[in-house]
Amino acid sequence: MNKSNDLRTRSEALAAPMPALLAEADHLAQTLMMGGHGRRRAGNGSEFWQYRPAQAGDPARAIDWRRSAQSDAVFVREKEWQAAQSVYFWCDQSASMQFTSLKNGTVKSDRGALLALSLSIVLMQGGERVALCHHDTPPRNGPQQLRRIAEGLCLPLDAEHSAPDVSHFVPHAQAVFLSDFLGPIEPIEAALEAAANAGVRGALCQILDPAEEAFPYKGRTVFTSMNGRVSHETMRADDLQTRYKTRLNARKATLQNLAAQAGWQFICHHTDTPARVPLLWLYQALEGAR
Amino acid sequence: MWTIGPLGFANPWLLCGLLVLPLLWVLLRAVPPAPNSVRFSGVALLLGLNDKDSQAARTPWWLLLLRLGLVSALIMAFAGPILNPKPQTQDTGPLIVLVDGTWADAPVWPTQMARLDEILEQAERGDRLVAFAVSTDVPAGGLTFAPAREWRAGLAGRVPAPFAPDADALAAAIEALDRKASTLWLSDGIAYTGREKVLAALQSKGAVQVIETPQSVLALGSVERDENGVSLDVHQFGVTDDRDFKVLAMGPDPAGVERVLGQAHVVSQESITPVHLALRPELMNRVTRFQIENMRSAAAVQLVGDNLKRPEVVLISGDNDNGTLDILSQLHYLRTAFSASSDVIEGAFSDVIAANPDVIVLADVAQLSGGEETDLLDWTRKGGVLLRFSGPKLAASDVSRDALDPLMPVRLRAGGRSLGGAMSWGEPKQLQEFSEKSPFYGLDIPKDVTVSSQIMAQPDPDLSARVIASLADGTPLVTRKSVGQGQVVLFHVTANAQWSTLPLSGLFLSMLQRLTQASNITSSETEELTGQVLSPIRLLDGFGNLYDAGLKPSVSGEVFSTARTSSRTPAGLYQSPLRTFALNVIQKGDIFLPAQWPQSVTILTSEVTSETSLKPFLLIAALFALAVDMLATLALTGRMIGMGRAAIFAGTVCLPLIMAPHPIHAQQVSDAFLQTASSELTLAYVVTGDDAVDTTSRQGLLGVSQALAARTSVEPAAPIGVDLATDPLGVFPLIYWPITQGQTALSAQTYDKLNAYMRTGGTIFFDTRDGDISGFGRVTPMGSKLRSIAAQLDVPPLEPVPQDHVLTRSFYLLQEFPGRYVGADLWVQKSATETEFIEGMPFRSLNDNVSPVIIGANDWASAWAVADDGRAVRPVGAGYAGERQREMAYRFGINLILYVLTGSYKSDQIHVPALLERLGE
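These protein sequence lines are chains A and B, in that order.
The working numbering puts the first sequence at residues 1 to 290.
The working numbering puts the second sequence at residues 291 to 1211.
If we strip away everything but chain A, and leave its shape as in the complex, we get (with noise of 0.2 Å):
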């Protein structure tokens, strides 16, 4: 509870300059739930949005006639647009997550964690609903739901790798996947197929240590997985760095390819940067160019 308040009190300190983020929905029309979020055109919604002349199929009830008694012209009364967007994250917890090289320590998933909850203050403030995909509770907006999802960052997992469970994802939702993606493809790849089927947009953000960039080990060396599980012993780790390299840039590549196939986007993280960067990043692609 006090790791978790803790990283509240960090998230909201990283959050508090961000502008509220009014995240884009392509599908106004399907969406059923309706909030105080304008998407600034004309549409169902309570809000006043603007007059335009009446044309020809405008029906005679929505004519303002209190408008256009100040007129010859006849004007029609039109509301915003307005829906609340919901956004799923994924946080990987698992072992793999927890490696760091650095010397103030900071771990690949404590990174995660802290851009998963930053996001879902900045999106809470513009109204947005958020939720953690790998809990029940559906999409809220609140500061009870926001307790819940730092309680659920701080939940490590024993598994080596982990992927995202997509089939509770409300259609046309929004969601943001954080992992390292170093683990086996295939879950991932199935995960983001379903979402894109569900109709879900989102970004992939891999979080990476320099260490696992630049692999800078040399001479006889065990590199044993961080669950102990997997081991590999080479004589000279210095030989192996041109392959790792060039299987870590495989790696980023098939994850760019198909996060452009499901319609997503894709960020590499290093832990050694500021979070602000991604965070941002995540912000805009939430938001969608405009």
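Simulated from the structure, these hints should not be mistaken for lab results.
Among the clues, some could well be false.
Unchecked claim - Listed next, the stretches of chain A that the computed footprint assigns to chain B, with coverage defined by at least 3 CB atoms under 8 Å from CB atoms of chain B:
#1 175 to 188
#2 217 to 227
#3 233 to 245
Cβ atoms here follow ideal geometry from the backbone N, Cα and C, with glycine treated the same way.
With chain A fixed as given, assemble chain B onto it according to the hints.
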């Protein structure tokens, strides 16, 4: 010992250890370096990436080779390898090791010691008993046999002696040895008396082997004075090749610092090379020793006593009649007597007294003028010898008639008396034997010395004590009185042959010599030494260095006159009550012969290849291999952070060891210092070595500099601390000098520099920093410290700052000069006395010079001190009054600097109206 070629092993069986090397090879090969274990989250990406070459699981061949080399180096090292092993001597019996240890060994002493060590080491390996002796240092308890190890331990403390061995004592000590023994004799190659006796004693004990050092020894023979310098001989023996060297004459300069006063370049060709050094008489009087440059030996030094010195004698005659014949002149006999051994000066009294001569002779001079008398008395008190001769003028004058004249030893009776003349009854008198108390004691009196006229002394109570020579009837002939450190001697006869035949006799010379210590009048040093006791003052060691004699016993003159240097009479300078004598290693007439050895003695050349133990080299190699192995293992396992960084590390560790610290050229430092100090006006303080005081000084001058910059057009740069000994002072207008208890004495050069600084317009501001306790004329510790420092400074007469001194109005109008303390006087150079108050003028016209010293006690630096942020550092007084006091301190500081910079500018009368207006008059 087991030898292969030039290599021998002390413990050859240890080499069997080499047999395990193949086993080691197999073992090492099977054990690769331990892996580095790492947790890594990206293992999934690594799976399936195989190493390109699979052999690395084994130790690489070069590492194996290195380790095998390491082990074999260790095995070989402990097997005791020796390069060029000496064939072991057959006899293992006792051994006598004898080294001459004279001054001739001194130049090669380290080599001799190394060789001795080698000999003793060999004896140690053979478990031989050794009796070791330095011929010049035979122990009082006789020689003893002891294990070689014990002798080796004490070897480093042995030094050569500045004299030849005492052959009798040595032979006796050898004969007293209780068993037969063979001998190894390290000879310096020079024969000395009694050497055969020593050899015989050794041969009675067993076989004798001699090792002679092929060397070329230079020695300086005794010094003779000649017309325009000195001549001396350089002896060379041993290897006679041509050698270039310099002979130096050393002595103090006028400031007391030892310098080279003269030198001669010599190329030696034969066994004896005569050398001539041209020296002016003034320099000659200062020479204390002659030496061969860069030669570390007692024989390369010739000490000089007083016998090279020529006293300066001033002759002044009372008769100014130039028409007389030379032979009748008062000064003729004196001139002849002194000119052989002294520099005779004749001239006007005022000129010659300035030359500060050793002896002044007044021949029949009766009355001196008041100024002359004072000068002469002063000079006598400082140690001068005033010789007066009688004559008609003195007899006719009233000098010392009623009261004793200060420049006369006795009162004189009017007239005088004549003996043996036509009108008298008596015969000319002869001289009485000199008494024991007389300085003339021991001189033979020729029969033909007679006195026909003399001046009589008044029979005063102390007359008899002052008579040092008298006539047969007991009337005084020579009287003497000491004045201060000097003396006044009166001959009651004339200096020419008018009154007596004394000036015609040899006795006259001897008497003058005794009185004036003009030593070379006769060469009979023996005669002079008879009855004297000589105490050593400075002695020579075997290397030719002088040291203080301390409490060495005195030597009687009879012994000294015939002494050779020995342990009882070491070479050095000896002092009798009157003179200094030198005892040198090489004396007049010494000739050195090479030592001749009989057929029965085996002579070994010393250039046999010396054996070298390889053990240390092998151990070092093994250690080095171990270090390389460590690095290699680290590199193999990837634990080394990077070869580059290791190389940098190794570089930083090793480079300072390899590169000797390169001294920055002193000239550059001093130039940079000058440039900094002279680019802007800079205040300076003396670095005392006390950190707290130095910091306060710096901060204080910084405070004054800031106040100056804020209030005046003087904008000084940051203050600089100066080291009086090394830094140039000329660029600073003022040097602030806080006196500390730990202030060390300054060298003569530093005093010269300070005096030059003060004479050329610099000002030193002394601050004793004890204004709270120094009032009321009390002597404080700081005050006495300042006095001791300033004793040798050229400080003018001082006075407390007078009310109308320029310091009181150079910028602010001040009457007090407070610092941290108030009230203590500030002292400056005394104003010229002739400037007096002129009616109607408020100020005197004072001298133009800035006082070269300003002395105070108010601890100004503390009052001025500011930190770098401009905040005052030290408290002054209390509250507002304290701040006011600090302000006044700053005002004084500004006045001081402006006074130093502008001198008497404010003293100029043109400012008077403005000042009067300011003063409200």
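How the hints compare with the structure:
Coverage of the segment 175 to 188 of chain A by chain B holds [criterion: at least 3 residues with CB-CB distance below 8 Å; count 4]. Figure legend: the segment 217 to 227 of chain A, annotated as covered by chain B; annotation consistent (10 residues with Cβ-Cβ distances under 8 Å, at least 3 required). Coverage of a stretch by a chain is defined here by at least three residues with a beta carbon nearer than 8 Å to that chain's beta carbons; for the segment 233 to 245 of chain A and chain B the count is 10, and the condition holds.
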